[in-house]
Structures are given as structure tokens and as C-alpha cells.
Amino acid sequence: MDHLLEIRNLKITTLRGKDKVYLLDSVDLSIRKKCSFGVVGESGCGKSITASAILGLLPYPLRVAEGSIRFDSRDGEKELLKLSRKEMRQVRGEEISMIFQEPMTSLDPIFTVEMQMFEALSFHHPGMGKGEMREIALEMLHRVNIPRPEQTLASYAHQLSGGQLQRIMIAIALINNPRLLLADEPTTALDVTIQAQILHLMNDLKEQRDTSIIMITHDLGVIAETCEEVAVFYAGQIVEQAQVVELFTHTAHPYTKGLLRAVTSLGGAQRKLYTIPGIVPPGGQWSRGCRFAERCEQCMEKCREEMPALREIAPGHFCRCFLQDREVEA
Amino acid sequence: MKRKDRPVAGRALPGNESILRQLWRDPMGRAGMIGVGLVILMALLAPWIARFDVAKMNSKAKLAAPGAEFWFGTDHFGRDVFSRIVYGARVSLEVGIVAVGIAAGFGYLLGMIAGFFEGRTETLIMMVMDVIFAFPSILLALFIVSALGTSILNTMIAIGIVNIPVFTRTVRASVKTVKSTDYIANARSIGLKKMKILFRHVTPNVLAPFTVQATLALSGAILTEASMSFLGLGIQPPNPSWGSMLSDARKYMERAPWLVLFPALFIILTILSFNILGDSLRDVLDPKLKL
Amino acid sequence: MRDYIIRRLLTLIPILIGVSIAIFVVMQLIPGDVVSGILGIEETPELRAMWEAKLGLDKPLIQQYFSWIGRAVTGDFGESFRTGAPVFPEIMNRFAISAELAILACIIAWIIALPLGILSSLKRNSFIDRIVRVVALLGVSVPNFASATLLILFFSKAFHYYTPVKYVGLFENFGTNMEIMILPAFILGSVMAGSVMRMTRSSMLEVLRQDYIKAVRAKGSPERVTIFRHAFRNSSIPIVTLIGMQIGALMGGTVVIEQIFSIPGLGQFTLTGISQRDFPVVQGCVLFIAFLYVMVNLLVDILYTFIDPRISYS
Amino acid sequence: MTERKSEFLLEVRKLQVYFPIRKGLMKRVVGHVHAVEDVSFSVRPREVFALVGESGCGKSTTGSAVLRLIEPTGGQVFFRGDELGRLSEEEMRLKRRDMQFIFQNPYASLNPRMNVWKLLSEPLRIHFQLSPGELRERVGEMLRLIGMTEDQLERYPHQFSGGQKQRISIARALITHPSFVVADEPVSALDVSIQAQILNLMMELQQEMELSMVFISHDLNVVRHISGSVGVMYLGSLMETGDTEEVYRHPVHPYTRALLSAVPSHDPLHRSRHIVLEGDVPNPADPPGGCPFHTRCSLCSGRCREERPELREIAPGHCAACHHVE
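These protein sequence lines map, in sequence, to chains Z, C, U and X. Using the numbering used here, read the first sequence as starting at 245 and increasing by one per residue. Using the numbering used here, read the second sequence as starting at -8 and increasing by one per residue. Using the numbering used here, read the third sequence as starting at 500 and increasing by one per residue. Using the numbering used here, read the fourth sequence as starting at 4 and increasing by one per residue.
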């Protein structure tokens, strides 16, 4: 396998009343080894459920309706969607780990940090002794810059701050040296100065290890700071994908342009902020044409009728927009 | 986009869409409404439905089996069981409604006061509630009835008193929740007077859990009345009560099992209907509490 | 922790005083007169005065209250007007019987309710879930005296089986005692099981939505560990609260079942006291039951601290 | 009371808000959370003053205390020369016509059982005696200002999106034509693309209605865009105040510098060089002695641990509370 992870034609549905509603529609993603890959989009665009689907952790009533997720594990290639429960458990936490948006609620409140770190080890190394586990746990806490590891091990979640908890979550996620880390908005709930600490830490750890990262966020700034490659999600689809520098310098899709203009106009010279008009259409209420058509300033007749395909407009740069097709053809 | 007119988020709240219609849409809610509706109809139309005088004894037809004349058979005095069941529904509902009325009225008032004014008043009210709460409800009701004397009114009062604390607690808890919401702070920030905040903003938002509580308390009150009558300390003969009918029937169980079956069936179905209705009502009014 | 227990015990005092005053006041309202009840047609003014003095009824109410409460705190609840026997030892005997019934009922309720509640939360909206919900609804809706009467009818019609009428103690004959107790315990247990099942289901559903459950699964946790070690323990606080209230209600609240099955428990004792206007018995029983109820609540609050480290009453 | 003439509409002097911590057998007060500690600032007519800081720094409490939605423990607030702390509850209630509050979370701050008409007409009914016609007119005018139509009057809050709800709650605050508003994180509960729409609306309305505003936010970009002057808060205290552009271009306080450098840049070619602060914010129930920031400050010296720095003017209109700033 060339890639660490290959998602093909992934579709996720939910139930609204008795109707099946698509939340994610034919997503393809390929993650290279030792890469940090950003996924950016607004709430409800399908970025977080993609991560949950990779680990088989979609909450009820969400389901994978179609597609494949292939993963290059240590013992050969695996189709994650076809694994048995037991096989999936062996992948979780051992080869693919995840950290979450709310560190305050991601640790079980009634157990100590020590117990929860030991758990992560013992699920995958049943024979490991207490002494060895403790040594590894302390080492990991040290790596994530927890000031007093010994004391922290004996603490409960409510005794620690958000920043510390997110460090601990990272320590737990990396404790088995996974090949892939899914980071679902890991800094959204944190203050800026703490966000800076965590992003700094993640960049450091990435340098030291072979772990690939999928960074899911709504913040283009976080992408710019941490990622090499990025995919922009809108209404359950990828609308643009490229190397980070390429995306920021040769932005192609009107939605991505809008997002960038909205953030860069903040604090800029002009008084009036740039806004993308309208709101994100919720899942299942998509028109058959381009899903961004309603809000697009350059919307054409064709855009309302027909769905544009995701095409390569420059080497490694993909975009789902008819305007780009025209430029390529011309 | 045919869904465009649907609400963006959350369920419709009362005030803009009929609660009854929402209940009807839910199969469970529909079952509860039908059940409760039938019991109410039976109680209201008792004089027309009942075929015999409930107290009229008939020495020729003691312990008659169910048949064309006596649909549900007769008891050991020869009284028509069907007629007694029909009038029993009336007694059950009367006791239930008045008792819950007493409990809800006092509970609402006390809960509002305790929740809104806090401090010593609250401590005192809640202490009294704790005292009432410290007795098992059936025992307390029996105790009160034995002090006041057995009669329908005293049964109602006893069951009412027993149920006050539940309402006080529910109302107080929701007043406190509502009070800490941003929209109450908002009402204060636009300069609304305290009393107006209480009536205009707090009351409507407390009503939902209150209504749910009332429905569930109604089934509880009917149950308590039946239990008390079963023990002989509730509704006194010759008034028909499902509880005392069941209790009397035990002596003739072997010969006349219908005497046990029909009252038991009606008690169970009535309480079941109210519980189902209460559950569905909670789902509609207060989706957060959904089981 | 110790401070907390002391504080809670102190707050029990006003509640128990309130309870005792409430009992005393209600007792005064009871119509009918014990003395004429005892003497019947042989009543003469002299005899009456003698009995009133003997029972302490000639003193002012306040004094009657204080002499009663003063002795009650030392465990002396006076003597029964009817039998003349001291009330307190009899309460303890009866309590032992009621407690056995309550414990059996709890065990039956938990064996039914907890596994089914957990199962139904995990298989949400499945066929099993629907069945469990209907069963739970029936459990909370069928009055215990109705199910008791129906079951007795069923056993007699189908098997010609009747439960023993005369009560036999646990240590006299274990087999017969169990034969007497198991049906009433099952009936009490099934009513409790209904609400425990509902609570378990809703509480589990709430916890299963939490981030930390997803995080535990993301670590590769086996389902067994996720469900029992993490989800169930976290959802147990409301369940423990409910169970505590149920146990409190079982103390004396079993009166109907005790009556039907002729079990000489605390509830039956109270009921007989009420119908015979036996003041000391009723006062004693009701005060004792209220005391038990408050103690159970205290135990539940203390139990919280062992379940959840966030709750510390320091 | 003699009317004091002042160039400021609002003056806050040494505002303090402490929350008692109760513990033990008799619920004794064993300490206080120092939520707001000696905060002073002033707002000119038609000026937007921003309070910025991280969560728990006391910026929202300050906003609520200014309007006496939380009673301050100490200090004074002057509005048009009147000391608000001396007003009776009733006088304060009437004052609210002129000073309003916009809440952070439009999902929670609108009564779910009131429709738009009731929500918008309620403030008018409280403070004015208007005929039904006038009432309709004022509500209609406000609806147009926030870009909504009259056919939406009968709808309830849950039938609107987050952005629309925030428009309604802004309208509710501004319908009495106040001259002063506290806006507490008015856009942080909203999606990024909606935030800009609401900010534009607020800026338009601020200009049109000649509003003075205290704008509370944790988002440094938003604050830079909307405010004319700014106060940076940390652990209940103001660290630095001044003209917004001046503070952003030349931050002098070490905390302000760290805070500004922590904002991710939107240019992958120029990833920002963060000043990464060590550790966490201290517990406000047990604040460190001396300078509140000394536990995390790289410049910390002996004096910082001993003596609490006052907010001093270091350039015209630019103040900082730091011993190391000249």
C-alpha cells in the first residue's frame, strides 16, 4: 500500500424520523505515511463523523452506508469496515488512536489518570506488569510536559485543568505508539495560550515519532500552523484538497476563498467584514446541483442543475467547481 | 425543498403546536389517550352505562357467573359487578383528581415560594416536606385517614397531603433551573420587575414538568386509593371502589374468580393508561427528560 | 467525611422532631377514646380516672409529648394499650420479618432489573428493548395487591396450591419460611424492578453518549469493560438514589402485601395498631419507620462518595 | 447629587467582585473567589471598549457587575455621572432602558415560550407607554434594522437558526434605544461564517444608533476588528489598556505579548513564533501574591512576587500593570 489510509466512496447516513439522511456523501481521502493531514469545515460538514467512522465509533443512529477504509497496519493491509469487533478493538488505541474536542469530558470522571493510562496499555498487552506500566505512563506524561507526573497519575479528571487533561489524552493516545492519530478539534475548547501549548507539543511529538496525524478543525489558522496537506469539507463532501501552501496561495474553490477572506478580513483594513451569505444547508437538504450554489457569488445556471466533480486542477490540487473546469479546458 | 418550513432545531414546544396532536402522533401517546379517554367516558356516563343500582342486593342472584343479564357476574350480595365497576371508575377518578388537585395546588405554591425566594423560607418549607416524605406514602395516608375518619373526602385529603412533597420538589427544582437560565437574566437586564419575571417567564417554563408530574401523580393517587380501600380504610361500603371489590372478592375467589378478574383488570388498565400518557407527555413537553 | 456524617446526623434531629410532632398531633385528632374502648360498658368515672392516670392521659398535651419523646429516645416506646406488652421489642421482632421480606424483594428486583435495563440501553430501539420497556411499564403499573390476588388465584386454580397461612420464622423452618416469603417478595420485587429497569436504561443511555465512553472505546477497550467498568458505574448514582428510596418505602410500605399473605411484619403491626386505636404501637411504629427511612437516605448519600470521587462532603 | 460633567459616558473605578466559598459544618465562608479585582476603565460616548482575556479571567463577571446583574463587592460605576451602586433597585430597573446587555448564547437567552413579537415588544411595554400602533411601528422598524421581516413575528426562537436568534436577541436589547450596551461574547456560540454576519450587523447598529459598547470576547481577531480601545484581563485584573491598534501593534505587558503571539497565523509560509506560556492560570480562589501573572512570566523578579503592580500610563492613553515596563 502506498498510503497509510485510503478512504474510498465513504457514505454515512443517519435516521431522521423514519427517513435515511446522508451526512457524508462519497468521500475519498488518502493519507500518506508520516504526514499531518488537515480536515477543515464548519459544523455539520461531516469532518468529525469521518474520523469516528475510521475507528468504527459512529454514535447511534449513524451508519456507514457504503464505501471502504483501507489501512496499512503493522501486520498487513486491513479493510477497517470489514473487521470483526475483536479485530477492530485491536486496531483502536494500538494502531489508530483518537483525541477529542472536550478534554474535560474525555476522561472517565470516576477513575484516576493512572488507571486510565494502564487500561490503554493492558487492553493491548494483557501480560504487562504494574511496574512496567507505571514506568511507561510516567515516561509518557514526562513527554507531554506534565509538570508533576507522579502526582498527576493519582489525580482525577476534575482535579486537573483543560490543558493538562488534553496533554494526558495525547499521552494516552500515543502510549502504544500508533501509526495514526485522529485529532478531532483538539484545541477548540481551550484558550489561545493553551492552544498554542498543545499545538506546539503536537508538532514536537510529530517530529519525534512516525505517527501520522489527521487534524480535524474549523480553524484555518490551526491548519496553517500544523498541517502539510489539507481537505476542505462542505455539506458532506470534499470541495477542495491540496498541499497546505498551495491551498493558501492558489485557493481555487469559492467556498475556501470565502472562508479565507472571512478570517483575513478580521483586523484588516476595511471596516466591513467579508461574509459568505446564507447558512450551511443541513444534512439531507441538499440540492442536486453544487451544494454551495445557493451561497456562491459566482453561481451559474449549470451549478444548480449538475453536481461538479472533484478534479485535479494542478498537480496534487483537487477542486469541485465548474469554474475551474473552464479554466483547465481553456 | 419541501422540508423548508420545518423547524430548524428541536421539537415544537407547547404554545404553538397542539400538544394533543403531538401525543396522538406517537403510538404510545395515542394508546394512553384512548385508555384515559375511555375511563373518563365511563365515569362521566356511569348513570347511563350502568345497568343496575350499585347498592341493590339481589338474594336470588348471588355470585352469578357473567352472562347476558349480569355481564360481569354478581357478587356475594347479588350486586351487579359491571355496574359497580362503572361507578368505581367514577370514584377512582374523583378521588384521584381531587387528591392531585390538593397536592398540586399546595405543591405548586410552596415550590414556587421555596424556589424563588430561597433563604430561610426555603429551608423551612423543604424541612416540612422532608418530614412528610419520611413516611411511606400508603402508611401516611392510612395514618391520616384513621385520624380524620374514613370517608371519601378524608381519603382525598390524605392522598393529597401525601403527594404534596413530590410537587413541591418538582416545582422548586424547575424554578431553580429556570431561574439560572440566561433568559431570566435577560428578563432582568431589560428591566422587568421581579414579580413579573416570576409570572411571565418562570411559570410557563415550569408548567411542562408540572403537567407531567400531575399525570403520573394521578395514576399514583388512584393506586393509593385502591390500596387503602383494599385494606378497608378507604372508600366505605356501599360505595363501589375497585380496591374494596377486589378485597371482598378474595373470599369467593374459588367459586367466583370473575369477582377478582374484573376489578383487577380495570385497576391495571387505568393505571397503565395514565402511566403511558404521562410518559408520552414527558417526551413531548420535556424532551430532555426522555427515558 | 466524618464532619459530613456528623452534619447530616445533626440535620436529622429537626426532621425527626418534626416527624414526632406530626405523629403526636395526628394521634390527638384520632376520634374515639381508648379508655372507653378498653372499659366498654363497665365504665365508671373512678375506673376511667384510674385508667387515664395509668396511661398518662390526664396530663397536659405538652407534657404528654415530652414524656413520650423523652422515653422514645431511650428506646422505650411504652406499652401497647391492648396487650400491655412493651412496644419496642415487638417492633424489633416485626422489623426482622419485614427486613427479610425487603431484602428478598431487593435481590429479586436487582436480578431482574439491572441486566435487563443495561441490555435494553445497549440494544436501543431493538425488539428486546421494546419488550423490556413494556415489561417495565407493566411492573410500575400493576398494583401489588392486584398482582398478588391474581397470582394467588392462578396458583389455586392451576395447581391447587396455597401458600401457608401461618407464619413460620426464618430460623424455625427455613423451607416453610421461604415458601411463605418468596411469592410476596417476588411481587414486591417486580414492582421495584419496573422502575429500576427504567432508571437503569435512561441513566445508561445518558452515560453512553458521553465523550469518555467514546474515548474508552477508542483505546481499544473490550465491550465488557466499557459497559461494566465505565458506563454502569457512572450511571449508578441515580439508580442508587432510586433504590435507596425504594428500600425506605419498603419499611412499612409493604403493609398491603403483609396483610394479603398474613406476614406479621412492621406494616401489619402498624395497620392493626391504627384499626385498634393503639396509640403507643402506632406512634412507635411510625416513628421507627421514619427513622429508618432517614437513615437509609444518609447511607445512600455516603455511598455516593464511594461511587464518585467528585462527591466529597468535606 | 451634583451632576458631574465628564467626557466619559461610563466610568468604572476599582470594581471588585468576590464570590464566597462556603464549607464545613455550618457552611461558614472560608474564602473568596476573587473574580474581579480592582478593575478600572472608562468608555466615551459612541466608543466600543473591548474586554479581552481567556476563560475565567473575570471579563464576563465585570460586564455583568457593571450593569448590576451581579452585585459588585466593591468599587464604583458611574453612568452619565450617576453612581449606579447608590441607586435603589427600582431606580436601577428604570435605568436599564438606557443600558442593556447582549448575552453570549442566543439558544439560552431567549425564552423558548415567547414568540418574536412578545420578545421584542416586552422591553417597550416595560419602559414606555405606547399605543398598539406605535408598538407595531417600533418593532417593525427594529426588525428591518436586523434584516428580518414582519411575517416572522409569530415564530418561536427554536424555529430560527443560531445567527437569526442572535439577531433577535440584539434587537431585544436595542429596541429601547439605549445609549450603552454590554455585549458578552455575542458571537462565540456561532459558526465562523455566521460570526462575521453578526459582527457586521453590530457594527452597523453601533454607528447608526450612536451606541457606546463594552464588548467582551476571548477572540483577539474579533476584538481588534470591532473595538476602538481595549482592556486585557488576566486572573480578575486588567493587565493593559489602551487604543486597540496601539496595544496590538506595540503590546508592552508580557501577558499581552504572549496572548497575541498565541493566535495562529493564517499563512503556512510564516508560521508564527509563539511565546509559549508555561503552566496554567492560578486558581482565582487562591491568587498568588504580588503580580497576578508572576507565576508564568519570563520577566518575573523579586519585586513581582511581593508587590502588586498598578495600572500606569506608559504612553498617552496606553496603560500597563507591570513593574518591568518603562
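The hints are simulated quantities; they were obtained by calculation from the structure and are not laboratory data. Note that the structure is predicted; figures quoted are calculated from it, not measured. Be aware that one or more of the hints could be misleading.
[As the list claims (entries may be wrong)] Residues from chain C shown here face chain U by an in silico Cβ test under 8 Å; the list is partial:
no., residue
1, Leu100
2, Met117
3, Asp121
4, Leu139
5, Ile143
6, Leu214
7, Ser218
8, Leu237
9, Arg246
[Stated by the list, open to error] Taking CB as the label site, the calculated pair distances span:
no., chain 1, residue 1, chain 2, residue 2, range
10, U, Arg547, C, Thr168, 56 to 62 Å
11, U, Ala598, Z, Lys374, 39 to 45 Å
12, X, Glu86, Z, His494, 57 to 63 Å
13, X, Val32, U, Gly569, 35 to 41 Å
14, C, Leu100, X, Ala288, 50 to 56 Å
We put the CB at the ideal spot given by N, CA and C, even for glycine.
Going through the hints against the structure:
no.: 1; hint: Leu100; in the structure: violated (20 Å)
no.: 2; hint: Met117; in the structure: violated (10 Å)
no.: 3; hint: Asp121; in the structure: holds (5 Å)
no.: 4; hint: Leu139; in the structure: holds (7 Å)
no.: 5; hint: Ile143; in the structure: violated (17 Å)
no.: 6; hint: Leu214; in the structure: holds (5 Å)
no.: 7; hint: Ser218; in the structure: holds (5 Å)
no.: 8; hint: Leu237; in the structure: holds (6 Å)
no.: 9; hint: Arg246; in the structure: violated (11 Å)
no.: 10; hint: U:Arg547 x C:Thr168: 56 to 62 Å; in the structure: holds (58 Å)
no.: 11; hint: U:Ala598 x Z:Lys374: 39 to 45 Å; in the structure: holds (42 Å)
no.: 12; hint: X:Glu86 x Z:His494: 57 to 63 Å; in the structure: holds (59 Å)
no.: 13; hint: X:Val32 x U:Gly569: 35 to 41 Å; in the structure: holds (37 Å)
no.: 14; hint: C:Leu100 x X:Ala288: 50 to 56 Å; in the structure: violated (38 Å)
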